[in-house]
Amino acid sequence: MASIDINQVSKIYAGGNKAVHSVDIAIQDGEFIVLVGPSGCGKSTLLRMVAGLEEISEGEVKIGGRTVNTVEPAERDIAMVFQNYALYPHMTVRQNLEYGLKNRKTPRSDIDARVAEAARMLEIDQYLDRKPRALSGGQRQRVAMGRAIVRKPAAFLFDEPLSNLDAKLRVSMRGEIKRLQRRLGTTSIYVTHDQLEAMTLADRLVVLNGGRIEQIGAPLEIYHQPASTFVASFIGSPAMNLVQGELHGDRLAVGPSLLTLGGHAPTSGEVTIGLRAEDLRVASPDEEGLLFRLDYVEELGSQRLVHGHVGDQALTAAMALDVALDDEMKFAIDPRRLHFFARETGKRVHAPATAPASQTSVMEVA
Amino acid sequence: MQKNKLSDHLVLILGSLFLMVPVVVAFMTSTHAAADIHSNGLSLTWGGNFVETYEKVLTREGGFTGQVTGSRMVMNSFILGIGFALGKIVLSMLAAYAIVYFRMRFATLAFWVIFTTLLLPLEVRIMPSYQVMSELGLLNTYTGLIVPLLASATGTFYFRQFFKSVPDELLEAARIDGAGPIKFFIDVLVPLSRTMIAAIFIIMFVYGWNQYLWPMLMTTDERFFTLMRGIKQILQVWIGSQIPDYNEAFALAVLAMLPPVLIVVIFQSWFIKGLTESDK
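So the protein lines, in turn, are chains A and B. Reminder that position 267 of the first sequence reads as 267 in this note's numbering, one-by-one numbering, no gaps. Reminder that position 280 of the second sequence reads as 646 in this note's numbering, one-by-one numbering, no gaps.
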């Protein structure tokens, strides 16, 4: 058990290519941190620098208060789970679990006890004498996790461990990882490109883009208050709608449509507006709203996603099944649910700290 | 498929006959007496001299000095074949390990230098090699016979390709598990390469076993004669009215054939396993 401090860490490859830009993350003891971002955003590089598999070009990584920049991976007191499991194919499951302990000269009785405990926890007891090739993908992933658990490390590092599994297994393994981490209370860093996996697993999410941190926060905080258009479009499914609009005082113009914000306009001029698909609802006839042209409908069973355009900008809305659809519709949204981003930087524009009388004016609009 | 059955079998039977008959002829002929062979030529029937000929070949002390027996030659050939195969495997595995896993400055260059030595087989550099061995005083020694031929570009190349196909994560997992370079090599790479090792062993053993030119140059002492030289030796005795011991030459040839066949038979199950078990 340990905290992990990542201070101003950068990765610069030979040739000056900078993959990670001065990243700061303070991870508390027992916390489950998920690094999420599109491929090439530096999340794996960052994890590998913590593991000691990549050199740290700049900055400092501390595990349990000890600077580990030049410490060998084996000495960092971490365990890693790889995407392709990286089990030793010529060893049995038991030998795979034991290997790290043997190299550490752990006493035999201790090894046996730990392997038995991990095997029971992961329900792989009956496979202990098989070779990895005789196991299914999910079982192999359990063994890979077992190899991490038996070490009783200060931290678990997961590098997209579920990417090679099929969708159904991924969901159940996700639950299992969460359960195990809760039970063991071991600090964990988990890398994934799957925002759903990130949302469901994380105590705190770190959204990375182009080697920089876009936002750090609890999953719901990030979902409800994305710090930038990148985070807004990356987290959540379907992705948040981002449309260009113009603010004139309390009025928001999106293409031909006009909305009154009831005092919720944080700025003025050209902005990017974020609207969650599920926040949109069909407006009553005399209400103002976004004029929507329907293109096509995706049925999800519990709800349907309607895709179309407002002016010439694409928009997706999630509708309950009993809502009547039409080629031309009008959508309304609670102004408090609107997200505003600066047009040039893509950064979130926060509402002024003292929004005067906002509550009452919202009531009027609704 | 069914209707082709007869012709399939025919082709297979012809093929195996084509390969088998010379061996059978050699074996059958070796069981006849020398004079018999001289007058009647090759034979496909059992001659009845089997025990005598083979016993003589294996135990009679032949050569000019009378110091070398057939079994001695078999042993020498084994030393050469196994020494070759093992030495080449160890050397080329270590070379490939260095090239693939260590960030050396000139690793790629080193590899290509090793690779170009393929263009310089023993026959091209036989005089300088002989000179070096002779100045080191290694003529008429097993060391002199084996060591100069141990560097193997082919082996290095095969192991390099194999090591490159081993996923990097395995190395990383081993590093996290606390295995250093030597431990990783012995605990992970060597066991993973065992099918590759088997394949290289077959090729190199046969190569070493069949060496003729180099042992002939390197050894003048008959105690170091190999089977290949022995066969030649027998047919060389062409003095006066003496008939060459054809039967013995055939017997030696048959004996010389056995070990490579055995090696292939023993290792082929591994070899095939390595080809079919794609899962690494």
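Don't read these hints as lab results, they were simulated from the structure. Backbone N, C-alpha and C define an ideal beta-carbon position, used for all residues, glycine too. Keep in mind that a hint or two might mislead.
[Claimed, not checked] Incomplete in silico selection of chain A near chain B, CB under 8 Å: (1) P73; (2) A74; (3) I78; (4) A79; (5) F82; (6) N84; (7) A86; (8) H90; (9) G100; (10) R104.
### Message
Going through the numbered hints above, which ones does this structure break? Give me the numbers in ascending order.
### Response
none
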